[in-house]
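Colleague: Each chain is listed here by its residues.
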Amino acid sequence: MKRIGVFVCWCGTNIANTVNIEAVTEAAGKMPGVVYAGNYKYMCSEIGQSKIKSAIIREKLDRFVVASCSPRMHESTFRKTAAAAGLNPYLVEIANIREHCSWVHKNKGEATAKAIALIRAAVAKAARDKELWATQIPVEHRALVIGGGIGGIQAALDIADAGFEVDLVERTPSIGGHMAQLDKTFPTLDCSACILTPKMGEAASHPKITLYTYSEVEKVDGYVGNFEATIRKKARSVDLEKCTGCGICWEKCPSRVKSEFDEALSMRKAIYIPFPQAVPNVPVIDRASCRWFTREKCGICRKTCPAGAVNFDQEDEVLQKKYGAIVVATGFDVLDLDDFGEYSYGKHPDVLTSLEFERILNSSGPTGGRLLRPSNQSPPKNVVFIQCVGSRDKSRGKPYCSKICCMYSAKHVILFKEKYPEAQAYVFYIDIRTAGKDFEEFHRRAVEEYGALYLKGSAGKVFPDGDKLLVKGVDSLSGHALEIEADMVVLATAIKAKSDAPQLARLLGISTDTHAFFMEAHPKLRPVEAHTAGIFLAGACQGPKDIPETVSQASGAAAKAIVLLSKENLLSDPCVSEVNESLCTGCLACIKVCPYSAITEKTIEEKIHGKALQRRVAEVNVALCQGCGSCTVSCRPGAVNLKGFTNEQIMAEVDAICL
Amino acid sequence: MSVNLKQGPFEPLIIAFCCNWCSYAGGDLAGTGRMTYPANVRVIRVPCSSCVSSNFILRAFQRGADGVVVAGCHPGDCHYTSGNYFARRRFLLLQRFLEFLGMEPERFQVHWISASEGNRFAAVMTETTEKIRALGPNRKLRDTR
Amino acid sequence: MKQLSERIKEAAFGSLSSGQVEMVIGWQKGPLWWQSFPAFITDPGETASLIWDPFSVSNLNKYLLNEVPKKKIALFLKGCDALGFNQLLRDGRVEREKVLLFGIPCDGLVDPARVEATGLSKGLLQVKKEREELVFYYKEGQRKAPARDFYYSKCLSCRYPNPVTCDEMLGEAVPCQPLERFANVSKLEAASLEERFTYWSRHFSRCIRCFACRNVCPACSCRECIFDIAEPRWLGKAKESGETLFYHITRAYHVAGRCVDCGECARICPLGIPLAELNRKFIKDINELYGEYDAGADLDKEAPLLTFKSDDPDVSA
Numbered sequence: 001m002k003r004i005g006v007f008v009c010w011c012g013t014n015i016a017n018t019v020n021i022e023a024v025t026e027a028a029g030k031m032p033g034v035v036y037a038g039n040y041k042y043m044c045s046e047i048g049q050s051k052i053k054s055a056i057i058r059e060k061l062d063r064f065v066v067a068s069c070s071p072r073m074h075e076s077t078f079r080k081t082a083a084a085a086g087l088n089p090y091l092v093e094i095a096n097i098r099e100h101c102s103w104v105h106k107n108k109g110e111a112t113a114k115a116i117a118l119i120r121a122a123v124a125k126a127a128r129d130k131e132l133w134a135t136q137i138p139v140e141h142r143a144l145v146i147g148g149g150i151g152g153i154q155a156a157l158d159i160a161d162a163g164f165e166v167d168l169v170e171r172t173p174s175i176g177g178h179m180a181q182l183d184k185t186f187p188t189l190d191c192s193a194c195i196l197t198p199k200m201g202e203a204a205s206h207p208k209i210t211l212y213t214y215s216e217v218e219k220v221d222g223y224v225g226n227f228e229a230t231i232r233k234k235a236r237s238v239d240l241e242k243c244t245g246c247g248i249c250w251e252k253c254p255s256r257v258k259s260e261f262d263e264a265l266s267m268r269k270a271i272y273i274p275f276p277q278a279v280p281n282v283p284v285i286d287r288a289s290c291r292w293f294t295r296e297k298c299g300i301c302r303k304t305c306p307a308g309a310v311n312f313d314q315e316d317e318v319l320q321k322k323y324g325a326i327v328v329a330t331g332f333d334v335l336d337l338d339d340f341g342e343y344s345y346g347k348h349p350d351v352l353t354s355l356e357f358e359r360i361l362n363s364s365g366p367t368g369g370r371l372l373r374p375s376n377q378s379p380p381k382n383v384v385f386i387q388c389v390g391s392r393d394k395s396r397g398k399p400y401c402s403k404i405c406c407m408y409s410a411k412h413v414i415l416f417k418e419k420y421p422e423a424q425a426y427v428f429y430i431d432i433r434t435a436g437k438d439f440e441e442f443h444r445r446a447v448e449e450y451g452a453l454y455l456k457g458s459a460g461k462v463f464p465d466g467d468k469l470l471v472k473g474v475d476s477l478s479g480h481a482l483e484i485e486a487d488m489v490v491l492a493t494a495i496k497a498k499s500d501a502p503q504l505a506r507l508l509g510i511s512t513d514t515h516a517f518f519m520e521a522h523p524k525l526r527p528v529e530a531h532t533a534g535i536f537l538a539g540a541c542q543g544p545k546d547i548p549e550t551v552s553q554a555s556g557a558a559a560k561a562i563v564l565l566s567k568e569n570l571l572s573d574p575c576v577s578e579v580n581e582s583l584c585t586g587c588l589a590c591i592k593v594c595p596y597s598a599i600t601e602k603t604i605e606e607k608i609h610g611k612a613l614q615r616r617v618a619e620v621n622v623a624l625c626q627g628c629g630s631c632t633v634s635c636r637p638g639a640v641n642l643k644g645f646t647n648e649q650i651m652a653e654v655d656a657i658c659l
Numbered sequence: 001m002s003v004n005l006k007q008g009p010f011e012p013l014i015i016a017f018c019c020n021w022c023s024y025a026g027g028d029l030a031g032t033g034r035m036t037y038p039a040n041v042r043v044i045r046v047p048c049s050s051c052v053s054s055n056f057i058l059r060a061f062q063r064g065a066d067g068v069v070v071a072g073c074h075p076g077d078c079h080y081t082s083g084n085y086f087a088r089r090r091f092l093l094l095q096r097f098l099e100f101l102g103m104e105p106e107r108f109q110v111h112w113i114s115a116s117e118g119n120r121f122a123a124v125m126t127e128t129t130e131k132i133r134a135l136g137p138n139r140k141l142r143d144t145r
Numbered sequence: 001m002k003q004l005s006e007r008i009k010e011a012a013f014g015s016l017s018s019g020q021v022e023m024v025i026g027w028q029k030g031p032l033w034w035q036s037f038p039a040f041i042t043d044p045g046e047t048a049s050l051i052w053d054p055f056s057v058s059n060l061n062k063y064l065l066n067e068v069p070k071k072k073i074a075l076f077l078k079g080c081d082a083l084g085f086n087q088l089l090r091d092g093r094v095e096r097e098k099v100l101l102f103g104i105p106c107d108g109l110v111d112p113a114r115v116e117a118t119g120l121s122k123g124l125l126q127v128k129k130e131r132e133e134l135v136f137y138y139k140e141g142q143r144k145a146p147a148r149d150f151y152y153s154k155c156l157s158c159r160y161p162n163p164v165t166c167d168e169m170l171g172e173a174v175p176c177q178p179l180e181r182f183a184n185v186s187k188l189e190a191a192s193l194e195e196r197f198t199y200w201s202r203h204f205s206r207c208i209r210c211f212a213c214r215n216v217c218p219a220c221s222c223r224e225c226i227f228d229i230a231e232p233r234w235l236g237k238a239k240e241s242g243e244t245l246f247y248h249i250t251r252a253y254h255v256a257g258r259c260v261d262c263g264e265c266a267r268i269c270p271l272g273i274p275l276a277e278l279n280r281k282f283i284k285d286i287n288e289l290y291g292e293y294d295a296g297a298d299l300d301k302e303a304p305l306l307t308f309k310s311d312d313p314d315v316s317a
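Protein chains in written order, with our numbering: chain G, 1 to 659; chain U, 1 to 145; chain Y, 1 to 317.
Rather than coming from a laboratory, the hints here were simulated on the basis of the structure.
Yeah, the Cβ is synthetic: ideal placement off N, Cα and C, and Gly gets one too.
One thing to keep in mind: the hints can contain errors.
[Stated by the list, open to error] Now the in silico label distances, taken between C-beta atoms and shown as ranges: (1) U/L135 / Y/A238: 24 to 30 Å; (2) U/G76 / Y/S192: 35 to 41 Å; (3) G/P399 / Y/A238: 34 to 40 Å; (4) U/G76 / G/E202: 36 to 42 Å; (5) Y/G236 / G/R3: 27 to 33 Å; (6) G/E605 / Y/A238: 35 to 41 Å; (7) U/E106 / G/P399: 36 to 42 Å; (8) G/P502 / Y/D298: 18 to 24 Å.
Start from the sequences and build out the full structure, keeping to the hints where you can.
Modeller: Following this line, the structure appears as structure tokens:
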């Protein structure tokens, strides 16, 4: 038989004025399993708590109920009291007879009857409480950062500076990401490379950071504190150690292909570094376009390499490493404009996306920074910028705002006008959104100092007209139809999630929103964490962001990762789900409703009629479970149960409270 | 059946399952703000509205509840992100099913009450009690023993 | 029908004698005209006793749950059975590699009660189906009547007469001409609350809690059913209207979004409780609220109660 104690708190007059304490104490004393019931003015005070402790010892209580204020207020207090008296802290239940009773009811008889019912439910629950213990989970003190753009670099640097080892995995041959493609950055117009390359160098030379460029994460197992990742280092065909980055190989290489870094506006070689400041400054051989690999001829790079670094036989290397935390910073893609035929993009060389325009502006870009019309290399006089191409467009593009376009278009206007002060910039926009420090001022400069003509309305069609482009649009403020003869048209193309983001999400066990951006654990309060404990998000992979936001989130994610990595062990909340394997049918409905990917399937073997039978059951990872209990309801036979809120307990509460 | 005084007018018994993070906290706030509502309402605390099984709801009716309320975070605000979305489907189907069997729809209600909506908590509980009082006792799903 | 019977025997014999399967589950004729029972055959020599006739109504696939085969088990699936098989597969209760499925196109099976109701059962020895007609054999001769007049109501609203899954189809596909399956649900929905309550309490008052509706159901495949579990005791043992209601609500709720609408629950009920209408209420609501979903057929869609949309209809009053 259980030995339950009930301690009724007066809370001064807060409870005692409305609830008949003596009547409640007397009723509690008669409840099943209750061997002691007492009351005191302030149960949470030192004296109150010592009364509980001495009653535990004197009455040999094995669990107790405190009838007092909300458990949200003092449950942890009384759990500590229990622990101090040698009881497991999870053998305590609270009956909320203040917030949910004495404070909201006026009739003393009714309030007293209700208080008794609430205590009866708490007693019934307490009778079914079991000792629970927090599990200790050891932590691997190393972080994995996926994605080597500015977000990933920042996160890696912050974590490494805190003294933890970081592996930074980047899919392309160099770290740097989209920021490396940019010419200047808004709203300060610093040269992007000037602020990025020192960070790239710092990451490369940091003693705690290991760069894995031209590498991909293939598999992630494990859970918070104990992830195990499989990383494929694709064969560079160039020895990272031997190569000096002299550049002879790519000068001599006879194969030319479109440069990804230059948005296909220039050609690169088959052996190449994506851009001059690449880190590491070691080329890779793009085997698909290399003559040696496609036709087994050539081999010039190997012949000419003074360091003997070119190695055609190099193979992919697969690493398995353990990590305590993972930061995902995989960035974004630009929307494909196939569905936007009206802008003549892809049909006329002078219609560009903003990112292509950025490359043309860039002094290390395909034109060496000379802003000329791609069609005839002449200086443009009129440039039309079209905003929201694919953004805020439910039917063909994305319903969301890409967030950075208003600002980079203002930047483009300014940079364009700096080069050609006599020229004219037109900007078609839906709304101008400049919420950010110094953003509105920057935009106003584009309008006021640089005389850009901002036209609220849509540009409906762009078509070639002689050697010009005719832009037809509407100025919705005046209602006039407009026709602008342009030399170039720049499309502020929507940002979208990486096309393979859903695959990475599956690999990591995190979720994506309807647009395939990674989901944060809570949109307001946990914006840098993924649902899955130990995985953090940084940058545009979580939603459109500019550089300062990406860097802030990266540092936030890093701080969260550092908090995790600095612990020797993680203590998991013991109020988690558990599976009764003998009841589990293996339908795995629980996996589908778990927001934390905390449930997996496992195969168990059992003997039935002497035959060994293998069957699948669900298994809860206590490190990942957050104790919501959704799985318990999805389980028809009740094989999944939430400790601290078991089916038996809630049922007993229902029975008791209805009495 | 303690609320149901053996003699005297009918007093309904309302069981409210409240999620710990929003609705239970909303109930606490109603208390802090001394917003009164009828003592007919008794709250059972659960982690999430998605943790409330139809078994508990039916059990409450069997054991004498005249009305059952499940209260959780507003959709989109679930502490566990998606729990109340699953709950919303489960309970809408259950609600329509009970009605199909001839149960008065008012007897089983679902409300989204945030931690800041103490006044709403009190209003919902008052309104529910009055509705059920007008309906009279639950005879349909109750154990007759 | 004759031809199908032959093909069943051949398929059973072939798969057993080749050693491809270790057991065949099919139907055998019982002593009376309406009896066609499940049969478990391991000896190729016995396959000749297998039949297919207008009474081969038992769904065979739940018997798989009792077996731990070393090799495969062969069984025959009608359209409705195939849906149930898919549900068992989805619930992880059967292994696809452990079964050899022979599909049987079936345009409907005969409800013995309907034969009895017409008085045709007196002295009846055997019933055979010939094309669209039933032939009733008596000592003194035979009579014929349109087959569809005698079909189970579940067959009249059948939407999948041809199995949606199998390894080999025996016989030609049959046309599908289902009656509106939600007609009764809609009719009840239009009735008043009190009418509905009276309707269902009268039906439920007859329930003897034999659990046949659960036992026959391909969506009810838990190792241990919630109704059998002693601790906690979810369902009381007493013959008590509240408990009976709990049983029926919970049974239907547990198969919501999983019920393949095979109609077996209602077919098997010895007290004639229209149990399928309970399931169909859920199916109808799910279709209306969350988009059409056909358990057992829509294999690429997530079960409606295991997913959600952020803009689902609200439940809050």
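Colleague: Kindly indicate which numbered hints from before are broken by the structure, ordering the numbers from low to high.
Modeller: When the structure is compared with the hints, only number 3 turns out to be violated.
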